[in-house]
Amino acid sequence: MTSPRRLLRFDDPDVKGYPLLNSIVVPRPIAWVSSLSADGVGNLAPHSFYTVACADPGVVQFTSIGAKDTLRNVQETGEFVVNVAPRWLLEQVNNSSARFDADTFEAEALDIAMEPSDLVAPLRVADAPASLECRLHSTVDFGSSTVVFGTVVAASVREDVLDGDHPTMEGLQPLSRLGRDEWGLPPEVFRITRPGRPEDIPGRG
Numbered sequence: 021m022t023s024p025r026r027l028l029r030f031d032d033p034d035v036k037g038y039p040l041l042n043s044i045v046v047p048r049p050i051a052w053v054s055s056l057s058a059d060g061v062g063n064l065a066p067h068s069f070y071t072v073a074c075a076d077p078g079v080v081q082f083t084s085i086g087a088k089d090t091l092r093n094v095q096e097t098g099e100f101v102v103n104v105a106p107r108w109l110l111e112q113v114n115n116s117s118a119r120f121d122a123d124t125f126e127a128e129a130l131d132i133a134m135e136p137s138d139l140v141a142p143l144r145v146a147d148a149p150a151s152l153e154c155r156l157h158s159t160v161d162f163g164s165s166t167v168v169f170g171t172v173v174a175a176s177v178r179e180d181v182l183d184g185d186h187p188t189m190e191g192l193q194p195l196s197r198l199g200r201d202e203w204g205l206p207p208e209v210f211r212i213t214r215p216g217r218p219e220d221i222p223g224r225g
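In the numbering used here, the protein residues as written are 21 to 225.
Rather than coming from a laboratory, the hints here were simulated on the basis of the structure. Please read these numbers as outputs of a predicted model, since none were measured by experiment. Certain hints may be false.
What follows is a list of derived Cβ distance ranges for each label pair [what the hints assert, rightly or not]: (1) 114 x 29: 30 to 36 angstroms; (2) 133 x 34: 41 to 47 angstroms; (3) 87 x 21: 43 to 49 angstroms; (4) 79 x 179: 22 to 28 angstroms; (5) 131 x 222: 49 to 55 angstroms; (6) 34 x 179: 48 to 54 angstroms; (7) 141 x 21: 28 to 34 angstroms; (8) 79 x 119: 18 to 24 angstroms; (9) 174 x 117: 40 to 46 angstroms; (10) 73 x 47: 31 to 37 angstroms; (11) 123 x 85: 38 to 44 angstroms.
Glycine included, each C-beta is placed from N, C-alpha and C at the ideal position.
Model the full structure from these sequences, guided by the hints.
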C-alpha cells in the first residue's frame with residue numbers, strides 16, 4: 021500500500037525550505053573550492069550545491085549561500101579550482117567548512133597540503149584525486165544565494181586514478197552531502213545501456 025503524502029508548501033512560514041531541499045536533493049557532489057583573494061590570501065571551502073552547467077564549452081557551477089570568502093575571491097580575481105573531495109580526506113573537507121577569518125588560509129590552519137595549479141593562480145589540493153582549474157564565466161544572484169559559473173580551462177587528474185583517459189569511481193572515491201549532518205560515501209557502480217531510440221527499449225521493438 022502506498023504511503024500517504026504530506027504537502028509542505030514553501031510559502032508556509034512554518035516550513036523550513038532550505039533543510040528540506042538539502043534532504044531531498046541527494047546525493048550532492050562536493051566542490052572543494054580553492055581560491056585566492058586580491059591581496060593574495062588563500063581560501064579553501066566545500067560547497068555542496070555543485071554540478072556541470074555546460075558540456076561544450078565545459079562550465080561548472082557552484083552556489084555560494086550568502087556572501088562568503090570564496091565568492092568574494094572569485095569575483096575579485098576571476099579564478100578558482102574545484103578539487104574532488106575524496107573519502108580519505110573527509111575530516112579535512114569537513115573541517116575546512118568552519119568559519120575561519122578572511123585572513124586565514126584554511127589549508128595552512130588545517131595542514132592540508134597544497135600545490136601550484138597549472139593555468140590559474142589559486143593552489144590546488146595536492147592529495148585530491150582530480151582538480152578542475154576554472155576562470156569565472158559569470159555569476160547570477162538568487163535571493164540569499166549566488167550561483168558561480170566557471171569555464172574549465174584544465175583538468176588535473178592523478179595517474180593512479182585513470183583507466184586510459186577515464187577517471188574511475190574507485191580512484192576518485194568522491195564524498196557527497198546529504199541532509200542534516202549526513203554524508204554519502206562513494207556509491208556502488210553498475211552499468212546499464214542507455215537506449216538511443218524508443219524502439220531500442222526492451223519490449224517496445
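Violations among the numbered hints: 7, 8, 9, 10 and 11
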